[in-house]
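Now for the letters of each chain:
2 protein chains.
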Amino acid sequence: MAVYTDISETDLKTFLAQYDVGELTSYRGIAEGVENSNFLLHTTKEPLILTLYEKRVDAGDLPFFLGLMQHLAKRGLSCPLPLPRRDGALTGELSGRPAALISFLEGVWLRKPEAQNCHDVGKALAEMHLAAADFSIRRPNALSLDGWVELWAKAGPRADEVLAGLQAEIGDELDFLSAHWPRDLPAGVIHADLFQDNVFFLNNTLSGLIDFYFACNDLLAYDVAICLNAWCFEADGAYNFAKGAAMLAGYQSVRPLLDAEAAALPILCRGSALRFFLTRLYDWLTTPAGALVVKKDPLEYLRKLRFHRAIVSPGEYGLAPRGEGI
Amino acid sequence: MAVYTDISETDLKTFLAQYDVGELTSYRGIAEGVENSNFLLHTTKEPLILTLYEKRVDAGDLPFFLGLMQHLAKRGLSCPLPLPRRDGALTGELSGRPAALISFLEGVWLRKPEAQNCHDVGKALAEMHLAAADFSIRRPNALSLDGWVELWAKAGPRADEVLAGLQAEIGDELDFLSAHWPRDLPAGVIHADLFQDNVFFLNNTLSGLIDFYFACNDLLAYDVAICLNAWCFEADGAYNFAKGAAMLAGYQSVRPLLDAEAAALPILCRGSALRFFLTRLYDWLTTPAGALVVKKDPLEYLRKLRFHRAIVSPGEYGLAPRGEGI
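These protein sequence lines map, in sequence, to chains F and B. Its first residue numbered 1430, the first sequence is counted upward by one per residue in our numbering. Its first residue numbered 1430, the second sequence is counted upward by one per residue in our numbering.
The following block holds chain F by itself, in its conformation from the complex:
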């Protein structure tokens, strides 16, 4: 939830003159995204999103992010489409920041998703994985094992400020994951942040995926693990088996998991839980009290991590035995 940079109407009109869009009729800062400043524009043609990339986003990654969105849209996936300028470029500059103009996707994100919605999310995730298979730019996942170790080196020494015993528990977890993290599973472009606010629905039908600014190359099944963590736990911390089963069935209806991927689900879920635990912990410990950002509770992901540590078989997530997927 953030608008960090304001823009003047004259600067905006100069910026828009480089595009083939209608006349600007309004622009409002929207409370969305924690990395960038976003504005919802109305024009005499169609609504648009204007994104100003703040310093947390590496401008060198923009060709990957914007190119991916363009690639996926061309493959028929419903996602925001970056508009090219008249000169073909996908970004310009506005208020001293790289900026892009992106199609506005109608839809609402679900505050209270049901199992059927989870099914559709799993299906859309698999469709995204297939559609991205021939995308040519690569971006390593900065928030995989190496990144976790780095974050932990910074946050670990102060972890017990948040909860006694955390330093030992997470240290052990990192040791385990380092020793057992799978390396030989199918890899490709993953969304890596497909939380509820990044999936839109219209009349309870999935209408599109947004926010590809964590997308990267990694294990495809790791993306499934991220979604299980993001969608299939209730507010009280309990895993919702029906939602998990629906999400996995939806995914497998498009791209069946290999046996090795299925077997790796528990450790992938542990890794994914640790990843969000670590970034939240780091933000918790380092965000100044006066910052205009809502801090997210890292312990939510500690509880999920502990849940996954107790999983013995992927069937406990609701994964149907081979041949029984929908």
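No wet-lab data here; the hints were simulated from the structure. Owing to the predicted nature of the structure, the values given are computational and were not obtained by experimental measurement. One or more of the hints may lead you astray.
It does not matter which identical chain is used: a pair holds within one copy or between any two.
Here are the simulated BS3-like cross-link-like pairs (lysine-lysine), alpha carbons at most 25 Å apart as the crow flies [as the list claims (entries may be wrong)]: (1) Lys1442 / Lys1541; (2) Lys1725 / Lys1583; (3) Lys1583 / Lys1484; (4) Lys1724 / Lys1484; (5) Lys1484 / Lys1442; (6) Lys1725 / Lys1541.
Given chain F, work out where chain B should sit, using these hints.
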């Protein structure tokens, strides 16, 4: 800049079912207003603003605010129009708060207004004053002399924390204003907060006024003084005579000021500067460091107050002698 309350899509659909609007296609929290939570809704018909009234707004004042907007729109003024529910009510309840659905006004607010824009704002202000003349509900101005004295009683003892000597200077100013504040000038409904972000322009033509949540009954010329303070000073603190002259000419092109109003302009400007100085000072001293609000500098209005104290004749604001208005 604030969205305080999130809403679920199911609650929103239940709320919208009470209105005759199209199907909801999206809603985004917008970074606007400091008192309320605002969402920009797209529907299959037209865009709308949804406002949830947070606790700083007295629900008892909503019939005045919303009735005024409806009254002004009926009189042909371009301002947001509250939509009635099927049962005729102008407010409902959403997420435990009073909520209203309001037409979306296209336009952008000017970060760098020119003198011609100030002329148009003055004209629109006068048109609003005339259009509101037969509005029947009354709302006293809680932020006039009595309110200033109250605010000062709270903030005054700590004023020297912000600037040495403030306590004495503002105390003297309040004494002066209490002794000389005009009582017998034309009164009516004033906007009372017509800052730049509350006036929209389309292609440099004024397209509407928004945010009537400080509107109240008070001296009409006091509203002019508020606009002079809000629009006619440059970032370096200097009064822009050309903008002031344009604003006053624009106002007088619709409603010429009486001699007594013109003569009172300097003291009305002092009062208006003090009013914004005091609320900013109070917020400055009381807003907790972690609050999701940008604190505005009270000293900007101290500088304006000092400028007005040195004014001898309203001609110094650019007020044309009688009979020479545009």
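The hints, checked one at a time:
When the C-alpha separation of Lys1442 and Lys1541 is checked against a cutoff of 25 Å, the pair qualifies only between copies, where the shortest distance is 13 Å, while the shortest distance within a copy is 39 Å. For the homomeric pair Lys1725 and Lys1583, the shortest alpha-carbon distance inside one copy (18 Å) is at most 25 Å, but the shortest distance between copies (35 Å) is not. When the C-alpha separation of Lys1583 and Lys1484 is checked against a cutoff of 25 Å, the pair qualifies only within one copy, where the shortest distance is 20 Å, while the shortest distance between copies is 40 Å. Taking the closest pair of Cα atoms, Lys1724 and Lys1484 come within 25 Å of each other both inside a single copy (19 Å) and across two copies (23 Å).
For a Cα distance limit of 25 Å, the shortest separation of Lys1484 from Lys1442 inside one copy, 23 Å, qualifies, whereas the shortest one across copies, 37 Å, does not. With identical chains, the CA atoms of Lys1725 and Lys1541 are at most 25 Å apart within one copy only, with a shortest distance of 18 Å there and 37 Å across copies.
The structure shown violates none of the earlier numbered hints.
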